[in-house]
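Protein chains in written order, with our numbering: chain A, 1 to 348; chain B, 1 to 348.
You may find that some hints are simply not true.
[Stated by the list, open to error] Heads up, incomplete: computed chain A residues facing chain B, CB under 8 Å, no partners named:
| no. | residue |
| --- | --- |
| 1 | A23 |
| 2 | W202 |
| 3 | H211 |
| 4 | T212 |
| 5 | R307 |
Simulated from the structure, these hints should not be mistaken for laboratory data. In this text, all values refer to a predicted model and were calculated from it rather than measured experimentally. Virtual Cβ for every residue (Gly too), placed ideally from N, Cα, C.
There are 2 protein chains.
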Amino acid sequence: MIKTIFWKNNTVVLIDQNALPLAEKYITCKSYKEVIACIKDLTVRGAPAIGIAAAMGTALGALNLPSLSPEKFRHKFLTLCDEIAEARPTARNLFWALERMKKLIDHSNPTSQQSLVNELIKEAKLICSEDIAINRQMGKNGSALLSEGDNVLTHCNAGALATAGYGTALGVIRAAHGQRKKLHVYVDETRPVLQGARLTAWELKKEKIPHTLITDNMAGFLMQQGKIDKIIVGADRIAANGDTANKIGTYSLALLAQAHGIPLYIAAPLSTIDVSLKTGGSIPIEERKSDEVTHFKGVRSAPEKTRVYNPAFDVTPAFLITAIITEKGILRKPFRNAITRLHKGAKL
Amino acid sequence: MIKTIFWKNNTVVLIDQNALPLAEKYITCKSYKEVIACIKDLTVRGAPAIGIAAAMGTALGALNLPSLSPEKFRHKFLTLCDEIAEARPTARNLFWALERMKKLIDHSNPTSQQSLVNELIKEAKLICSEDIAINRQMGKNGSALLSEGDNVLTHCNAGALATAGYGTALGVIRAAHGQRKKLHVYVDETRPVLQGARLTAWELKKEKIPHTLITDNMAGFLMQQGKIDKIIVGADRIAANGDTANKIGTYSLALLAQAHGIPLYIAAPLSTIDVSLKTGGSIPIEERKSDEVTHFKGVRSAPEKTRVYNPAFDVTPAFLITAIITEKGILRKPFRNAITRLHKGAKL
């Protein structure tokens, strides 16, 4: 299995997602600031993977602190958590992971700074291993929605690379493929950063799952031709009513799916759901720098000084979503009720 | 004004659209086979410009024929027309231009091969100069649809570069801008060949018309935010009922426009209308080679041997189109009636 992120000899090791698919290499972060840089520059991306990187980042930061009084240690730790929180604004999992690490500090009774650091490292590793288990369960749950012979469209990369391993949306496809269902995947290349072309196609090739790469603007034409049976994507943040922020272009796909009567499934762990937000309108949408649009790998496509708008995400309203696949089961509309039930019963 | 294509010293000169916007250079074709190569590799693209290139290509082919009997000359000429007709399948203007050149041969009574060749060259030049006049008239007609302060989205390049000059969809924007209406243009980059980023942004920069570049998958999000007032695009072929083939992605835009109540205008000369086709279902859709999708300027984005689907066009059904702007006026629904009236009255 692809190893996206792991803790090794007191460092955080990440597969370099900017180098894929041309090179498969790993980057070793020795400080939490290096982890922040890797989150910012998309070396590590995908909401669950960002969460894990954030958790490991806090552990790395704690590990590298000098010997301090418990008070000062706590203060320094919370400060570095705040710093990591600034890395990217949209993915809920980043904040979820930081809250979990901060909760550990609040509730632990360590005998020494060293033992607290060890607990933090253990917790970060746990978030990582739990993520794989969650994805496998999500895959199992969601695979029931995919049928023999389905042509499934996916957008961006919600695969092993977006998580600790196995993936969310691609995890569902993986699980169905593992059950020997014959599937064919259409892969949106996903401009501007081309996570579909670079990462999803790479994962599907490794798994020998049949797939065809298209540009994002071809998806509607494929639907018109009856070439798409289902759409499945991941999520960066889901509001309490089911509104879902995901990679830019997801909202367009959702409208196209509705016009063609094609189901749209979101696959995401509970850690992506933000019950503090009533609707998707409050989800912060990151805008990234313009050269992602004007350049590709250093080659310029647009004239110099061309003005660019580059939102990295959009919000799909809940009514356009057929179901949300989680590790606790498949949520159906009205999502607000389903999410509330889950929140009460399952400690979101 | 940008010179896209012209006849000079018995050669056809084309601006190299593959080199734009990084370099502004011209390519000189000394044979009709070089013109075919330039149509195939997109050195010249855009339905009206392809038509002009085809017409000039036939003239160049005729010019370079040895002295022949009228019968043999006619046969050779028709053969080279057939060869040019194979260059690209979708744009109606290519076939329209070839038919016009063949009609000239059928109806002329030349005193010599040289005088016939001169007539062909004159006709090709006439098609070129007429195109600019047509575009200016289309711009004038269509500009009435654009209002002060409009945010207009366009896809691909339907500008001076897609024609002899001035442009179809961009011609309408140019005309409204010339009337001192304040407009802002959102430019879809238009994958895979990036005609929006490379060509439309370049033209708008030259004309100092305010514009913002986006990736194709952002258009829906912009509409959701109320940032788009109108959409205007060109066309490669329009069927008798108004169904319109245009650059891949246009159909998706049309559905998104419908969902948001945004008008979609097509701007195209009558030479783009193919009254022989009852509906758009019969329009041949060109599929182009996969490396347009897997590579960008020689830089690979997808894994090796990734399977690709690369249709260059899609067909937007007439019901999604608000109006078709032509040099003879603005066509409204039902387009079949409007087109029939035009066909009867105006010698299509």
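Of the hints stated earlier, which fail here? 1
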